[in-house]
Amino acid sequence: MSQEGVLQGGGAVADDEHHHGPDKGILRWVYTTNHKDIGTMYLLLALGSLLIGGCMAFVIRAELFQPGLQLVDPNFFNQMTTMHGLIMVFGAIMPAFVGLANWLIPMMIGAPDMALPRINNWSFWLLPFAFTMLLSTFFMDGGAPNFGWTFYAPLSTTYAPPSVTFFIFAIHIMGISSVMGAVNVIVTIFNMRAPGMTFMKMPLFVWTWLITAFLLIAVMPVLAGVVTMMLMDIHFGASFFDAAGGGDPVLFQHVFWFFGHPEVYIMILPAFGIVSHIISTFSRKPLFGYTSMVFATSSIAILSFIVWAHHMFTVGIPLVGELFFMYSTMLIAVPTGVKVFNWVTTMFRGSMTFETPMLFSIAFVVLFTIGGLSGLMLAVAPADFQYHDTYFVVAHFHYVLVPGALFSILAAVYYWLPKWCGRMYNEALGKWHFWLSFIGVNLTFFPMHFVGLAGMPRRIPDYALQFADFNAIVSVGAVVFGLSQLLFIYNVWRTTLGQKGVKASDLVWDQPVGLEWTALPSPVPYHTFQTPPKVD
Amino acid sequence: MNTPRYYVPQRSHWPILGAFAVFLTLFSMASIIHENSHSQVSMFSVATAVVAGFLMLYMLFGWFSEVVNEGLRGLNSEQLKRSFRISMGWFIFSEVMFFAGFFGALFYARTFSVPWIGGEGAKGVSGMLWQGFSAHWPLMKTPDMTQFQGPMGIIDAWKLPFINTVLLIASSFTLTFAHHHLRSENKAKTLFWLKITLLLGAAFLVVQVAEYGHAINDLNLTVSSGIYGSTFYMLTGFHGAHVTLGAIMIFVMYRRVDNGHFTPDDHFGFEAAAWYWHFVDVVWLMLFTFVYVL
Numbered sequence: 001m002s003q004e005g006v007l008q009g010g011g012a013v014a015d016d017e018h019h020h021g022p023d024k025g026i027l028r029w030v031y032t033t034n035h036k037d038i039g040t041m042y043l044l045l046a047l048g049s050l051l052i053g054g055c056m057a058f059v060i061r062a063e064l065f066q067p068g069l070q071l072v073d074p075n076f077f078n079q080m081t082t083m084h085g086l087i088m089v090f091g092a093i094m095p096a097f098v099g100l101a102n103w104l105i106p107m108m109i110g111a112p113d114m115a116l117p118r119i120n121n122w123s124f125w126l127l128p129f130a131f132t133m134l135l136s137t138f139f140m141d142g143g144a145p146n147f148g149w150t151f152y153a154p155l156s157t158t159y160a161p162p163s164v165t166f167f168i169f170a171i172h173i174m175g176i177s178s179v180m181g182a183v184n185v186i187v188t189i190f191n192m193r194a195p196g197m198t199f200m201k202m203p204l205f206v207w208t209w210l211i212t213a214f215l216l217i218a219v220m221p222v223l224a225g226v227v228t229m230m231l232m233d234i235h236f237g238a239s240f241f242d243a244a245g246g247g248d249p250v251l252f253q254h255v256f257w258f259f260g261h262p263e264v265y266i267m268i269l270p271a272f273g274i275v276s277h278i279i280s281t282f283s284r285k286p287l288f289g290y291t292s293m294v295f296a297t298s299s300i301a302i303l304s305f306i307v308w309a310h311h312m313f314t315v316g317i318p319l320v321g322e323l324f325f326m327y328s329t330m331l332i333a334v335p336t337g338v339k340v341f342n343w344v345t346t347m348f349r350g351s352m353t354f355e356t357p358m359l360f361s362i363a364f365v366v367l368f369t370i371g372g373l374s375g376l377m378l379a380v381a382p383a384d385f386q387y388h389d390t391y392f393v394v395a396h397f398h399y400v401l402v403p404g405a406l407f408s409i410l411a412a413v414y415y416w417l418p419k420w421c422g423r424m425y426n427e428a429l430g431k432w433h434f435w436l437s438f439i440g441v442n443l444t445f446f447p448m449h450f451v452g453l454a455g456m457p458r459r460i461p462d463y464a465l466q467f468a469d470f471n472a473i474v475s476v477g478a479v480v481f482g483l484s485q486l487l488f489i490y491n492v493w494r495t496t497l498g499q500k501g502v503k504a505s506d507l508v509w510d511q512p513v514g515l516e517w518t519a520l521p522s523p524v525p526y527h528t529f530q531t532p533p534k535v536d
Numbered sequence: 001m002n003t004p005r006y007y008v009p010q011r012s013h014w015p016i017l018g019a020f021a022v023f024l025t026l027f028s029m030a031s032i033i034h035e036n037s038h039s040q041v042s043m044f045s046v047a048t049a050v051v052a053g054f055l056m057l058y059m060l061f062g063w064f065s066e067v068v069n070e071g072l073r074g075l076n077s078e079q080l081k082r083s084f085r086i087s088m089g090w091f092i093f094s095e096v097m098f099f100a101g102f103f104g105a106l107f108y109a110r111t112f113s114v115p116w117i118g119g120e121g122a123k124g125v126s127g128m129l130w131q132g133f134s135a136h137w138p139l140m141k142t143p144d145m146t147q148f149q150g151p152m153g154i155i156d157a158w159k160l161p162f163i164n165t166v167l168l169i170a171s172s173f174t175l176t177f178a179h180h181h182l183r184s185e186n187k188a189k190t191l192f193w194l195k196i197t198l199l200l201g202a203a204f205l206v207v208q209v210a211e212y213g214h215a216i217n218d219l220n221l222t223v224s225s226g227i228y229g230s231t232f233y234m235l236t237g238f239h240g241a242h243v244t245l246g247a248i249m250i251f252v253m254y255r256r257v258d259n260g261h262f263t264p265d266d267h268f269g270f271e272a273a274a275w276y277w278h279f280v281d282v283v284w285l286m287l288f289t290f291v292y293v294l
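Chains A and B, in that order, are what the protein sequence lines are. So the first sequence is numbered by the numbering used here: it starts at 1 and just counts up by one. So the second sequence is numbered by the numbering used here: it starts at 1 and just counts up by one.
Note that these hints are calculated values from the structure, not bench results. Be aware that a few hints might be false.
Listed next, the stretches of chain A that the computed footprint assigns to chain B, with coverage defined by at least 3 CB atoms under 8 Å from CB atoms of chain B [to be verified]:
#, region
1, 106-118
2, 246-254
Label pairs and their in silico Cβ distance ranges [unchecked claim]:
#, chain 1, residue 1, chain 2, residue 2, range
3, A, Gly-25, B, Ile-169, 53 to 63 Å
4, A, Ser-505, B, Glu-78, 31 to 41 Å
5, B, Ala-47, A, Pro-74, 34 to 44 Å
6, A, Phe-139, B, Asn-220, 34 to 44 Å
7, A, Arg-28, B, Phe-61, 19 to 29 Å
8, A, Phe-199, B, Gly-237, 39 to 49 Å
9, B, His-179, A, Leu-319, 47 to 57 Å
10, A, Val-502, B, His-278, 56 to 66 Å
11, A, Pro-318, B, Gln-40, 42 to 52 Å
12, B, Phe-61, A, Val-513, 43 to 53 Å
13, B, Val-50, A, Ser-505, 52 to 62 Å
14, B, His-278, A, Ile-439, 51 to 61 Å
15, A, Val-513, B, Asn-36, 50 to 60 Å
16, A, Leu-319, B, Ser-134, 18 to 28 Å
Take a look, some chain B residues computed to stay more than 10 Å from chain A by CB distance [stated by the list, open to error]:
#, residue
17, Leu-55
18, Ile-154
19, Lys-159
20, Ala-170
21, His-179
22, His-181
23, Glu-185
24, Lys-187
25, Phe-192
26, His-214
27, Ile-248
28, Asp-258
29, Phe-279
Where is the CB? At the ideal position from N, CA and C, for every residue including glycine.
The following block holds chain A by itself, in its conformation from the complex (with noise of 0.2 Å):
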């Protein structure tokens, strides 16, 4: 398949073959091959998943808002918690992460373009595709996916509505997408580098998303190979999550978790990249400790591996392999110190100032580190018998999703978007906007850390009266959070569209490190490089 592909790096034709600027129209974007033009439909993309996969959330805490059964029934609201956990997952938060890439490893690393163009305008297209297949089960008999995201057999194959042989294919349609643009990324990164771009030389963010794309080429497929299983199992008698047949609806867990923790970091690693830009920048000091952040987020990767069973500590796996994903989920812990350590120690001492990207990026650091040892605390066996499936999972992985890879892609846009645009955006609407989801997002989940260690159990519609207060004050917090997005959205349609703000220099930012600042105007041409950038 990867024979396809396109041309660059020649000097064999001639100058007037190119095409020099955007075509007019919506053609430009459907036939487009500019790794920017792709780049901001993946951000589109995820920017409107992350709206969809929202009003989700707001039905979810609209039932959630009072003990009871009020605005709908059990079974719709097991779809909202699944479709809200699948499109903010492979809608928003990979896409944007993808978006970031095709915008900024090409001007990272001195590049024309992405390696493989042709190749990264399918992979964009098969999303909208996969999505309207994905959301489309809402209209089918039995209604859409109920079984969480996470689709446990035999939810997901004996009990599940019909509608799953299209959740089915959709997923092989993402994974279809993934794949190819992971490998678009490792290709461009190893052989589209500037000439003096040596792998220690790359940037942080080019380095995290060359081991994420890594991890994605090698879980996808085991993700497509689960989903298929299901599909024999519910369609052709096949009995792998069955024991009625000798299969085990274990197994399906130990497949999907072998695809989904390495997921996970697919999710956070990107965002590790992107705040080490930023609170250098902002602190006015080198990154402390390139090279140890290098082989942290490596090690990080690695163990991903042979993790997946502490999501399963409850289903019954002998006490060897209880142990076992035990220490080796706690030995995370130490390259992300590291890597927090590192944080913190690039801010020390430093001529510290608090624009937007700054603020969600100390944010970042946090709330991160408040997730990361919520993560820790499950790790745990014998306490995770306590904490499984309570909302303290639930706050756990919210906040290393949210306030930790949601906000570092926030950071990261306003961060790159004067380069991006020519403009800055609005300081104080970016202030306002940090402010707000940083206060919506702690009063959101915080709470749920409580309600969770006092036994409130996740994915139900109903609740125990003595959650009702701490359950009123998470609904609200999430309107907060949500309505304060559309903050972020004025500000960035008025920086670009708009065309309001003062023009950015080409340095943007106070002496900031890379060639997108230092080899690229503001904003970028539409043609990233021309000629291979001299790197020092």
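Position chain B relative to chain A; hints supplied.
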């Protein structure tokens, strides 16, 4: 100073067509499978699948032709050729991981789930579900024989599968002969060995189909005869599909050699097909060992 100028890619209509073709193909497949289980397969779904199939072929043919023609016009730089090679390598790695998932399922069933259902291990509860079930591999008697009727026998590794092993290993050698002749610019011999490779590949598929016929008709070994049948068909079925794809690639390379597309030092298409073929071969050796022999 001599600074090479980067080439800037042109826009293309193939990707969007490709995305639509993949969507239509998978959507119609999902519809057919869905309708087959819940009502009756509609003419509409079948028609969509046919249209999607043609669209897919048109897209693949058109897109690949364009890439091939760009190569023939000498537009591909050394850098781009390197990109192609690296990406083919990683694509094959993704295929390795696809099979790894199914092998993982096989090993899990053999080592853990089947013995556990038979009552082994510290948990011990599963022995209560199906009393009298004893764990063996291959699993001839499933825990619930009314729901999943076990097979009456399994394929003898040293008959048809062994023949297939010989065929496929031989085909890897003949493909390498073809490659050597391509390098020494002996077109007739290249074509000859490619033809032999294709014949061996086709023979493999014929034997595989015969083996399936024997398994289904004589041994009652189907995908629904318990975990043995499930893993057996999943692994051999996807392997067979990959052999088919590899054979199509080699057929295309046969045509391209015939049309003089390749030079001794520039024949990436050929190499990619060869890598793929060797990959499929290695998967078969794993299959032969773990599915048939052990």
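Legend entry - Which numbered hints fail: Violated hints: none; all satisfied.
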